[in-house]
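These protein sequence lines are chains E and A, in that order. Residues in the first sequence are numbered from 1 upward in steps of one, following our numbering. Residues in the second sequence are numbered from 1 upward in steps of one, following our numbering.
Hints in this document: simulated from the structure, not taken from any laboratory. Since we're looking at a predicted model, the values are computed, not measured. A couple of the hints might just be wrong.
[Unchecked claim] Pairs of lysine-lysine, DSS-like flavour, derived with a Cα cap of 30 angstroms:
id	chain 1	residue 1	chain 2	residue 2
1	A	K102	A	K69
2	A	K222	A	K110
3	A	K95	A	K110
4	A	K222	E	K150
5	A	K102	A	K154
6	A	K129	E	K142
7	A	K185	E	K150
8	A	K95	E	K150
9	E	K164	A	K102
10	E	K150	E	K164
11	E	K142	A	K102
12	E	K164	A	K185
13	E	K150	A	K102
14	A	K222	A	K95
15	A	K129	A	K69
16	A	K130	E	K164
17	A	K129	A	K154
18	E	K214	E	K199
19	A	K110	A	K185
20	E	K142	A	K95
21	A	K130	E	K150
22	E	K164	A	K154
23	A	K129	E	K150
24	A	K154	A	K130
25	A	K154	E	K142
26	E	K142	A	K130
27	A	K130	A	K69
28	E	K164	A	K95
29	E	K164	A	K110
30	A	K130	A	K95
31	A	K129	A	K102
32	A	K110	E	K150
[Claimed, not checked] Not close to chain E: a few residues of chain A, all C-beta gaps over 12 angstroms, as computed:
id	residue
33	M1
34	S92
35	L125
36	D166
37	M173
38	L223
39	T230
40	S231
Backbone N, C-alpha and C define an ideal beta-carbon position, used for all residues, glycine too.
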Amino acid sequence: MRSLRQIALGLSPLVVLLVVWQLATYSSTYSNVLLPRPIEVWEVFAKSWPTLLHHTATSLARVLIGLGLAFVTAVPLGLLIGRFRPIEETLDWTIQIFRCLPGIALIPLAILFFGIGDKPAIMLIWFSSFWPLVITTIFGVKNVERTLLKVSQAAMASNMLVFKDVILPSALPSILTGLRLSAGAGWLTLVSAEMIAVKSGLGYMIMYAQVLFKADEVLAGIILIGLVGLAFDQAIRLLRQWLCRWQEGLVLES
Amino acid sequence: MNYLSVSDVSKVYSRRGDHIHALDHVSLEAEFGEFICLLGGSGCGKSTLLNIIAGLDQPTEGRILIHGKPSFGCHPDTTVVFQEHGLFPWMSVQKNIEFNLKARGVPAAKRREISAGLIETVGLLGFDKKYPHELSGGMRQRVGIARALATSPKMLLMDEPFGALDAQTRTTMQRELLRIWQAHKATVVFVTHSIEEAVFLADRIVVMTPRPGRIGSIIDVKLPRPRDPTSQDFNDIVRVALEKLHLPGVAHAA
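The following block holds chain E by itself, in its conformation from the complex (with noise of 0.2 angstroms):
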C-alpha cells in the first residue's frame, strides 16, 4: 500500500496544475466560455453526475470488452508465436506492418464494415490493444530461462504442462506490462472512436459538448477520461503485484 508521503508526491503536480488553471481563468485571456474555472467544471460532476457516470459506464463496458477480446486473442498467439520458431517466421512481418497502423486510422474502415454503435468502437479498441500484447508476450516467451525448459524436457513433460505451468507464469510479468499499455491504447483508440463513430461515451459527450460551446463539460470530461485512466492502469499493477507475488524480492519493484 503507498504510504501518505507517496500520495501527498503523486498529487502534487495536479495541484499545481490547479492553481495553474485557476490562475489562467484570471488573466482573462480566454473569455469564462471558453475557458470556465474549476470551481465550474466541479459544479458539473455535482450536478449532472448521472450523465457523467453513464458515459463513462458505456466507455468503460467497451474499453472491458475490447481489452478482453485482446487478451484472450494476442496471449494465446504470442506464446505460440514465441514458442514455435516457424510461427514466428511466418507472421513477424504482418505483425510488424500492423502494429505500426494507428487504430485511428482505422475508423473510416471501421464505420463502412460495422456501422455506428458499439461494434466498431470495440474492434478498434480490440486493434489497438491486440498488438502491444502479442509483442510482450512474444517477449515474456523468449526470456523463459533455458534451464527451466530443460528440467521440463527431462521431466518429459507434455507441451500443455510446458506452456501451463512453465512458460505462462514466466512470462505473466511482461505479459502484464503489455497489458498495461493496451489498455493506454485502447483507451486512446476508444476515446477517438467514440468522437466519429459512435453516439454515446466519454468521447462523444466531449464532442457534443464542444458543439454546444460547453467548455465545462468538456473538461469534465477531459478528467474523467485521465482518471479512468490512471484507476485503470492502478487496477492491473495490483493485479500484477498479486499474480507475480514469486518475484518479491527477485526484481526492483516497477
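Using the hints provided, position chain A relative to the given structure of chain E.
What follows is chain A alone, placed relative to chain E:
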C-alpha cells in the same frame, strides 16, 4: 548386464563452417547402483556427455543404451539435477518437488504424499510453502535433488550440482548426497571439475581430456565410505587424478 552403456559416442558442433569436436568416440559402462564421476576441466565435453546420456542432446555418432536397450531422447527412469538448480521461481518448494510427478500424471494426493516424504529426506521440513528465492543456495539444491528423486529414478544425472555453493555447504551436501544415494539405490553420473569432490564421492572417476573431448583414463576408488579427505590413501588418489588430468607443472613436481 551394465545398466548404462555409452557406445562410441561422438558429438560435433558445426558453427559457421567450423567443426568443434566436443566428444570424440567416447565409450563408457556403468553398473546399476554405481557412482560415477566425470572429471575434467572446462571444454572437455563432460557436460555434453551428461546431456547426451540424459537425452537432452543427440549424439552425432554412436548411441546410448539403458538396460541394454538403445535410448532416444529422455528416459522415464532417468532424472537430472542441474547446476543452476533449475527451480521454478513461481512454484513453492513443494510444487517444485512435485513437478516431475505432475509431468507423469501422478494424481495430486499421491504427489503430496511423495513430496512430504522427500522434504523430510532432504532436511527441508517446514519449508514446503517457501519460494526458491527465500532459500539459501544449499537449500535450493536440496530441492533440486528432492525433485529428481521424486520419480524414484534408476539413474540420477548431476551436472556440477554443488559448483555454486560455498566450501562448507558443499561438504555437507556431498555427505547428504551419499546418504541419500545409499538409501535410494540408483546409478549416479556426477559431473565435476573438483578432484577432491570426485575422490570423495565416486566408485569410479572418469577423467576426461579436452580438444577433442575424450576419456583419458578411469580411476577406481576402492576406499571405504565415509572417506576422510585428509587421509594418506585419499591424497594418493588425488595425486593420481592430478597426473591423469595432465596438469602441467604438478605432474612433474610430484
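Verification of the supplied hints:
For a cut-off of 30 angstroms, the pair hint linking K102(A) to K69(A) stands: about 26 angstroms separates their Cα positions. Taken as a hint, the K222(A) and K110(A) pair is broken in the structure, with Cα atoms around 39 angstroms apart against an allowance of 30 angstroms. In summary, the hint linking K95(A) to K110(A) is supported, as the alpha carbons are separated by about 13 angstroms, within the 30 angstroms threshold. A threshold of 30 angstroms between alpha carbons decides the hint, and for K222(A) with K150(E) the separation of about 34 angstroms lies outside it, so the pair is violated.
Restraint check for K102(A) and K154(A): the C-alpha separation of about 19 angstroms stays at or below 30 angstroms, so the hint holds. Taking the CA atoms of K129(A) and K142(E), the gap is near 28 angstroms; set against the 30 angstroms cutoff, the hint holds. For the given pair, K185(A) sits about 25 angstroms from K150(E) by alpha-carbon distance, which is consistent with the 30 angstroms threshold. Restraint check for K95(A) and K150(E): the C-alpha separation of about 17 angstroms stays at or below 30 angstroms, so the hint holds.
Proximity of K164(E) to K102(A) is assessed by CA-CA distance (about 12 angstroms); at most 30 angstroms being required, the pair is judged to hold. This hinted pair checks out: K150(E) and K164(E) have alpha carbons roughly 16 angstroms apart, not beyond 30 angstroms. Simply put, K142(E) and K102(A) have alpha-carbon atoms about 24 angstroms apart, close enough for the 30 angstroms limit, and the pair holds. A distance of roughly 33 angstroms separates the Cα atoms of K164(E) and K185(A); the hinted pair therefore is violated under the 30 angstroms criterion.
Our distance criterion of 30 angstroms between C-alpha atoms is met by K150(E) and K102(A), whose separation comes to about 16 angstroms. Proximity of K222(A) to K95(A) is assessed by CA-CA distance (about 39 angstroms); at most 30 angstroms being required, the pair is judged violated. Straight-line distance between C-alpha atoms of K129(A) and K69(A) comes to about 40 angstroms, which puts the hinted pair past the 30 angstroms bound. Annotation: proposed proximity of K130(A) to K164(E) holds, straight-line Cα distance about 21 angstroms (limit 30 angstroms).
Between K129(A) and K154(A) the CA atoms are separated by roughly 28 angstroms; this keeps the pair inside 30 angstroms, and the hint holds. For the hint pairing K214(E) with K199(E), the CA-to-CA distance comes to about 17 angstroms; that is within 30 angstroms, so the pair holds. For the suggested pair K110(A) and K185(A), the alpha carbons sit about 22 angstroms apart, so the restraint of at most 30 angstroms is met. Simply put, K142(E) and K95(A) have alpha-carbon atoms about 23 angstroms apart, close enough for the 30 angstroms limit, and the pair holds.
Between K130(A) and K150(E) the CA atoms are separated by roughly 23 angstroms; this keeps the pair inside 30 angstroms, and the hint holds. Restraint check: the Cα-Cα separation between K164(E) and K154(A) comes to about 28 angstroms, which is no more than 30 angstroms; the hinted pair holds. Pair hint K129(A) plus K150(E) holds up; C-alpha atoms about 24 angstroms apart against a cutoff of 30 angstroms. Between K154(A) and K130(A) the alpha-carbon distance is near 29 angstroms, which keeps this suggested pair within the 30 angstroms criterion.
A distance of roughly 33 angstroms separates the Cα atoms of K154(A) and K142(E); the hinted pair therefore is violated under the 30 angstroms criterion. For the hint pairing K142(E) with K130(A), the CA-to-CA distance comes to about 27 angstroms; that is within 30 angstroms, so the pair holds. Restraint check: the Cα-Cα separation between K130(A) and K69(A) comes to about 40 angstroms, which exceeds 30 angstroms; the hinted pair is violated. Pair hint K164(E) plus K95(A) holds up; C-alpha atoms about 14 angstroms apart against a cutoff of 30 angstroms.
Of the supplied pair hints, the one linking K164(E) and K110(A) holds, its CA atoms being roughly 21 angstroms apart against a limit of 30 angstroms. Only pairs whose Cα atoms come within 30 angstroms are accepted, and K130(A) paired with K95(A) is accepted, the gap being roughly 10 angstroms. With a CA separation close to 17 angstroms, the supplied pair K129(A) and K102(A) stays within the 30 angstroms bound. In summary, the hint linking K110(A) to K150(E) is supported, as the alpha carbons are separated by about 25 angstroms, within the 30 angstroms threshold.
The Cβ of M1(A) sits about 24 angstroms from the closest Cβ of chain E, beyond the 12 angstroms cut-off, so the non-interface label holds. Residue-level check failed: S92(A) sits 9 angstroms from the nearest beta carbon of chain E, not beyond 12 angstroms. The claim that L125(A) lies off the interface holds: its Cβ sits roughly 21 angstroms from the closest Cβ of chain E, which is beyond the 12 angstroms cut-off. For D166(A), the requirement that its beta carbon stay farther than 12 angstroms from each beta carbon of chain E is met, with the minimum near 21 angstroms.
For M173(A), the shortest C-beta to C-beta distance to chain E comes to about 19 angstroms, beyond the 12 angstroms cut-off, and the non-interface label holds. The Cβ of L223(A) lies farther than 12 angstroms from every Cβ of chain E, with a closest approach of about 32 angstroms, so its non-interface assignment holds. With a closest Cβ-Cβ approach of about 35 angstroms to chain E, T230(A) is found to remain outside the 12 angstroms limit, as its non-interface label requires. Every CB of chain E lies more than 12 angstroms from the CB of S231(A), the least distance being 37 angstroms, so the non-interface label holds.
Violated hints for the displayed structure, listed by number in ascending order: 2, 4, 12, 14, 15, 25, 27 and 34.
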